[in-house]
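Number of protein chains: 4
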Amino acid sequence: MEINGVEIEDTFAEAFPIKIGRVLITAVNEKWARVAAQEATGFGTSVIMCPAEGGIERVASPDETPDGRPGVYIQICTFGYKSLEEQLLERLGQCVLTAPTTAMFNGLPDAEKQFDTGFKLKFFADGTESETEVGGRKAYKIPMMEGDFITEHSMGGVKGVAGGNFFIFGDCQMSALNAAEAAVEAIEKVEGSITPFPGGIVASGSKPGANKYTFLKATANEKFCPSIRDQIEDTQIPEGVGAVYEIVINGVSEEAISSAMSAGIKASVKVPGIKKISAGNYGGNLGPYKFNLHDLV
Amino acid sequence: MEINGVEIEDTFAEAFPIKIGRVLITAVNEKWARVAAQEATGFGTSVIMCPAEGGIERVASPDETPDGRPGVYIQICTFGYKSLEEQLLERLGQCVLTAPTTAMFNGLPDAEKQFDTGFKLKFFADGTESETEVGGRKAYKIPMMEGDFITEHSMGGVKGVAGGNFFIFGDCQMSALNAAEAAVEAIEKVEGSITPFPGGIVASGSKPGANKYTFLKATANEKFCPSIRDQIEDTQIPEGVGAVYEIVINGVSEEAISSAMSAGIKASVKVPGIKKISAGNYGGNLGPYKFNLHDLV
Amino acid sequence: MEINGVEIEDTFAEAFPIKIGRVLITAVNEKWARVAAQEATGFGTSVIMCPAEGGIERVASPDETPDGRPGVYIQICTFGYKSLEEQLLERLGQCVLTAPTTAMFNGLPDAEKQFDTGFKLKFFADGTESETEVGGRKAYKIPMMEGDFITEHSMGGVKGVAGGNFFIFGDCQMSALNAAEAAVEAIEKVEGSITPFPGGIVASGSKPGANKYTFLKATANEKFCPSIRDQIEDTQIPEGVGAVYEIVINGVSEEAISSAMSAGIKASVKVPGIKKISAGNYGGNLGPYKFNLHDLV
Amino acid sequence: MEINGVEIEDTFAEAFPIKIGRVLITAVNEKWARVAAQEATGFGTSVIMCPAEGGIERVASPDETPDGRPGVYIQICTFGYKSLEEQLLERLGQCVLTAPTTAMFNGLPDAEKQFDTGFKLKFFADGTESETEVGGRKAYKIPMMEGDFITEHSMGGVKGVAGGNFFIFGDCQMSALNAAEAAVEAIEKVEGSITPFPGGIVASGSKPGANKYTFLKATANEKFCPSIRDQIEDTQIPEGVGAVYEIVINGVSEEAISSAMSAGIKASVKVPGIKKISAGNYGGNLGPYKFNLHDLV
Chain A
1 MEINGVEIED TFAEAFPIKI GRVLITAVNE KWARVAAQEA TGFGTSVIMC PAEGGIERVA
61 SPDETPDGRP GVYIQICTFG YKSLEEQLLE RLGQCVLTAP TTAMFNGLPD AEKQFDTGFK
121 LKFFADGTES ETEVGGRKAY KIPMMEGDFI TEHSMGGVKG VAGGNFFIFG DCQMSALNAA
181 EAAVEAIEKV EGSITPFPGG IVASGSKPGA NKYTFLKATA NEKFCPSIRD QIEDTQIPEG
241 VGAVYEIVIN GVSEEAISSA MSAGIKASVK VPGIKKISAG NYGGNLGPYK FNLHDLV
Chain B
1 MEINGVEIED TFAEAFPIKI GRVLITAVNE KWARVAAQEA TGFGTSVIMC PAEGGIERVA
61 SPDETPDGRP GVYIQICTFG YKSLEEQLLE RLGQCVLTAP TTAMFNGLPD AEKQFDTGFK
121 LKFFADGTES ETEVGGRKAY KIPMMEGDFI TEHSMGGVKG VAGGNFFIFG DCQMSALNAA
181 EAAVEAIEKV EGSITPFPGG IVASGSKPGA NKYTFLKATA NEKFCPSIRD QIEDTQIPEG
241 VGAVYEIVIN GVSEEAISSA MSAGIKASVK VPGIKKISAG NYGGNLGPYK FNLHDLV
Chain C
1 MEINGVEIED TFAEAFPIKI GRVLITAVNE KWARVAAQEA TGFGTSVIMC PAEGGIERVA
61 SPDETPDGRP GVYIQICTFG YKSLEEQLLE RLGQCVLTAP TTAMFNGLPD AEKQFDTGFK
121 LKFFADGTES ETEVGGRKAY KIPMMEGDFI TEHSMGGVKG VAGGNFFIFG DCQMSALNAA
181 EAAVEAIEKV EGSITPFPGG IVASGSKPGA NKYTFLKATA NEKFCPSIRD QIEDTQIPEG
241 VGAVYEIVIN GVSEEAISSA MSAGIKASVK VPGIKKISAG NYGGNLGPYK FNLHDLV
Chain D
1 MEINGVEIED TFAEAFPIKI GRVLITAVNE KWARVAAQEA TGFGTSVIMC PAEGGIERVA
61 SPDETPDGRP GVYIQICTFG YKSLEEQLLE RLGQCVLTAP TTAMFNGLPD AEKQFDTGFK
121 LKFFADGTES ETEVGGRKAY KIPMMEGDFI TEHSMGGVKG VAGGNFFIFG DCQMSALNAA
181 EAAVEAIEKV EGSITPFPGG IVASGSKPGA NKYTFLKATA NEKFCPSIRD QIEDTQIPEG
241 VGAVYEIVIN GVSEEAISSA MSAGIKASVK VPGIKKISAG NYGGNLGPYK FNLHDLV
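Keeping their order, the protein sequence lines are chains A, B, C and D. Per full-length UniProt numbering, the very first residue in the first sequence carries number 1; after that it's consecutive. Per full-length UniProt numbering, the very first residue in the second sequence carries number 1; after that it's consecutive. Per full-length UniProt numbering, the very first residue in the third sequence carries number 1; after that it's consecutive. Per full-length UniProt numbering, the very first residue in the fourth sequence carries number 1; after that it's consecutive.
Check the hints yourself; a few may be wrong.
Each pair of labels, with its calculated beta carbon distance range [what the hints assert, rightly or not]:
#1 A:3 to D:230: 26 to 34 Å
#2 B:114 to D:132: 54 to 62 Å
#3 B:10 to C:5: 36 to 44 Å
#4 C:223 to B:79: 58 to 66 Å
#5 C:133 to A:232: 19 to 27 Å
#6 D:209 to C:283: 53 to 61 Å
#7 B:109 to D:191: 27 to 35 Å
#8 C:79 to D:295: 47 to 55 Å
#9 D:217 to A:253: 30 to 38 Å
#10 B:17 to A:81: 50 to 58 Å
#11 B:10 to A:253: 56 to 64 Å
It is worth saying that the hints were derived from the structure and are not from the lab. For every residue, glycine included, the Cβ atom is placed at its ideal position computed from N, Cα and C.
Using the sequences provided together with the hints, build the complete structure.
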């Protein structure tokens, strides 16, 4: 199967369950909503050694935000609701409450699971806080040096999906990189998903465990490493491929992952020099979710 | 004392010791060095609830980097060397090794304290790694999906200073915000210092402890909160001041802090609408370092 | 009448007819579509002394572009179709054909007026060009150093509207500036309109003609100049207003102007420190189009 | 000769004389200095069909600007001083005076040729203007809607050099593009030169005149067009080259061109996938200046 002359391999991405908190950060302009969002979701690429995975989902237009200002949705992801609650409190308290002109609202107001993160953060006001309502949402006004910070009472969480992915094979590194950038740009317009790695891109796609250094939980996936192609018997790097980037996707539902993978793949194959699209799976041992590339595009 | 018609209060910033690791991240262009740097220093505003403080120090021109590519210096800060070593391993391993086209080099090659972070990260290659030399630095080549990742063997750390600061009083919130942005822009050109808060700016300047909610380590500094000015007997908000932003600065030395405060103050008073520059201190109880504003400008 | 506590003056913007060409520029990513668009619409703020007015209208998603790549719509505006045809040829030939990875398509394929700009530009290929079809559009393939440049055969033009506008009164300059930025950000999401001034904002709102220097076609509108408020008898600057910015809007139809003014005003009043929204008119002498602010919001 | 494993061809760039005006634009922050600069130098890639060539030279730090604010230097280039004076008046009057928070200063205060552009623009104030001095420069204060616009009295011009250039051959289009981007990023840090094409890059390197369509002044240089390599007998495209980008450089002196070419070439060969660096010359018929690549690097 081909799109735009690029082979789409007949394979699937394997993904696993995760808990996701979704928050809407608004600010005086999109720039400052983004800055707060980046700080709050930083050090958040992989739960292997980060306290959470996180990323910017999409921009929210003033029409759809409770306070009528521009905003961005972020997601914070951990394996359990307890750690998610902690991470929300720490990341929102340290990186959004502290950021200029921001406010924060529940990104999943209808979810069953609700955390009272905003209620807890109001204590920062040391007794000067007050309850308020913004766009129908129960919120608090926290007097600060810059003026009043607004936070909604609750932030919602859901059972989501982590590790959706696809691989972009380029004839050279810059082709693969630019295609990966195009994919991330496209996915940022899709509802419900994030690409938690730096700039949305994984340069170091890994396998679970190790062949040699067995004390490690994950190591480089040597079958997909072009520079050692000649040394690896079962290399998956076709001739003429100079680099591979992986896009890893988390989302609030299987549909969110599917939509993101589809948008990302379609965008990446438009970049000149792309040879193949594949995906990462581990014989079905990593997780229960499967996303067949041929079903997506 | 006045600069550009703006009152510089006769006061001082109070700061405290911290341990700082400094790393040079290079990439195919400044954009990708920055993206990796932001991810690696994210969730890093204050050690109160973040695992480390961190930020981008300055851009490094290709002339001064071991591999001749554009780069940025970052700093990671924690109270002890043990936690610093852990944070360096986790943040560089998860956020720089994984980022497209990056390499990483020791930002303090002459420091007494050296961590073998690069040596430890090479195990990710699962046996396919090799030793190399880049610009006279002992380094490792780690084959990955995108090609080879280069990391220097060691990353250096020093005893530095945290909590350098100044306050910008604006006639309205946007004046104060734009002045704070100008200050951060100027400080990013100074050697040796970072501004760890989101976009370099603190919207929520705090006091140690609390008046009412004594279970908290830090709460809003109500004396500097304009929206409750009429309720606070000893308010420090002069009439006509609508907002205050704080710039917090960490640096590898007292000189780095002084230079950054000086550059930041000079830049901020150029923005129309700035009424006063002050600084935060707590009667000398917070830390041993003092930076008199009048000595700096 | 007030929105968000900001007075909307009971007045109208006065606008006049202009001819508009609309072009869709696509590229390997949004960045390069934007770079080409900025170059092509630069030196294009006002037909008073620029050869044309121009600006970026909005981003086009890959779904809606003939080649499935990201793009931006631009508009080029002059008083007559003859000068419009010349400006399209010069600006597209010098600033889009020359830009990396771009292609260009007709932004008004259904308009009555069509220019064969693409047909003329194909001669650059000096005999090596060929006809092709992209997304159902008749186009040419022009071999170049970077590869093949694609241009559609025709570019459409319409009778549009120029000089739609509103004024943002801020308590200080930075409030007004940030509100103007928010307005431009919002208008860029609206179909059919551009804000041709630098970054979309006019710092120097003018009146037709002059009181003193009558050799000039337009001079500063002294009634709206805060720094000389005390010298101007019939000043329109209320007490407490420190700065005024004007947003000037051109569009393909009256509806496009209305939508843009509405979105821009709603966004700007959300910024703290905004005191009033007004608009520019000259007793109905400048042009036949009138946009009442109270009808818009 | 090779740098970083990339062949530097033993050839030269041929360049020709031009007149250059240089202006320093300052603003409340670098963003707004850049926005005004882009507007003022837009529609300015080549004098073949643009009214002038123009571009941003480099960022100016607050330390070196007369008003202590951040700024950027721009250059405007035409063949004669008369057209240069007109272009300065039109471009500065329409694109800098109109831009938020900007001021403008003479970028060549010691040049023999001086234009009284600032003096002429002060008439916009319609009698409310006044003379002032900023950082030792004679200037005017022009009351406007946003506040006071400051312009220095004179703007200087010199005999400079246009058409300095080099070619970047990449194994694929994205390698060549990213190398060209790296070159432009490096050249922007060099004193005295600009890269007038969109984003600094030429996708459509041309030859003077035409083989077939002799009514054109310049057409595609088919010898350097990869997609028709097989049809062109004396093609200059080596096997394995997928795309070529040209960087065109104007500067205030031969030294400025040499420094820029050197910085740009060194930066571009660091990008993976670059095969060769060459340059454009036309048997010495185009102009008197020659820049040998081997002398530069």
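Outcome of the hint check:
no.	hint	in the structure
1	A:3 to D:230: 26 to 34 Å	27 Å, holds
2	B:114 to D:132: 54 to 62 Å	56 Å, holds
3	B:10 to C:5: 36 to 44 Å	38 Å, holds
4	C:223 to B:79: 58 to 66 Å	60 Å, holds
5	C:133 to A:232: 19 to 27 Å	44 Å, violated
6	D:209 to C:283: 53 to 61 Å	55 Å, holds
7	B:109 to D:191: 27 to 35 Å	30 Å, holds
8	C:79 to D:295: 47 to 55 Å	51 Å, holds
9	D:217 to A:253: 30 to 38 Å	58 Å, violated
10	B:17 to A:81: 50 to 58 Å	38 Å, violated
11	B:10 to A:253: 56 to 64 Å	59 Å, holds
Checked against the numbered hints above, the structure violates hints 5, 9, 10; every other hint is satisfied.
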